[in-house]
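Chains A and B are the protein sequences, given in the same order. Just so you know, we're using my numbering here: the first sequence kicks off at 1 and counts up by one. Just so you know, we're using my numbering here: the second sequence kicks off at 1 and counts up by one.
In short, the hints are calculated from the structure, not lab data. Note that this is a predicted model, so its numbers are computed, not measured. The C-beta atom is built at its ideal place from N, Cα and C for all residues, glycine as well. There may be inaccurate statements among the hints.
Here are some of the chain A residues that sit facing chain B, going by a computed Cβ distance under 7 angstroms [to be verified]:
| # | residue |
| --- | --- |
| 1 | Leu14 |
| 2 | Gly17 |
| 3 | Leu80 |
Footprint (simulated), chain A over chain B, 3 or more residues, beta carbon under 8 angstroms [said to hold, decoys possible]:
| # | region |
| --- | --- |
| 4 | 1-15 |
| 5 | 31-41 |
| 6 | 111-118 |
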Amino acid sequence: MRAVVPLVGEVDVLNIGTVRDAVETAIGDGAAEVVFDLAAASFIDSSSLALFAQTSLRVGKVVVRDPPEVIRRVIEATGLINVLVVEP
Amino acid sequence: MMASLRFAARAFATEGKGPAQILARLDQLVDLERDGQFATVVCARLMLETGRLTMASAGHPDVLIADSRGVRFAGIRPGPPVGLQRRAPKETSVTLRSPATLLAFTDGLFERRGESPDVGMARVRDAVDGLDGPLGGLVDALTNTVVPPHQRDDVAMVALRWTASTRARARSA
């Protein structure tokens with residue numbers, strides 16, 4: 001099963017909780033793949049990157065979909081591109 | 001966590017391990033799933049007589065090199081941060097020209113909300129381009145010119161200057 005978790009606007013350590021809850025629900029429901037949809041995200045900080053990486057240790061596949069260019073570069077520069085799938 | 005990783009890296013280095021091996025060992029000490037955090041680390045080994053510099057990075061910003069060839073980034077290809085239990089990253093080697101200055105730093109030095117890390121890294125490189133003299137002055141000047149006011153993230157920097165030893169110079173003469 002594939003679960004889509006959207007991130008909207010500015011997501012940082014203060015409001016990452018709702019995203020984390022959505023991941024827990026998805027994994028509890030038996031998701032084998034989690035898609036973080038960043039089409040509507042304007043900014044994420046390292047707490048989101050940690051959550052993406054953490055999720056990759058728990059499910060078979062983690063996709064980061066439609067990240068803004070800046071976020072794509074951060075994922076590459078931090079080497080997380082080795083454990084996450086960035087689409088497109 | 002930072003402090004314990006630094007001490008562990010030092011211990012592994014005294015065992016004669018290279019940068020990639022050290023990062024692989026550090027990766028075994030941190031567990032993102034258990035600890036809820038990961039760490040980025042850059043590790044470099046400099047052969048004092050030859051200036052041969054070997055580096056490896058676990059998700060850490062690239063290292064800046066300044067010598068007679070100019071100011072440029074080392075071009076290390078980062079593996080994932082430590083804590084993800086992955087294979088060791090690849091090593092990158094360069095040979096420095098004496099005298100050379102190395103600068104390693106955390107993302108707190110250049111990261112600005114909504115800006116590509118490439119832009120921030122270029123800002124650091126350009127600032128180093130215009131600086132010379134003692135290392136203390138270099139670090140102070142970078143802190144004053146590059147770090148934005150009201151910075152919330154912490155900044156760590158390591159600056160190192162290498163000059164070929166007298167013995168090495170005598171041998172090559």
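Checklist entry - Among the hints numbered above, which are violated by the structure, and what are their numbers in rising order? => result 1, 2, 4
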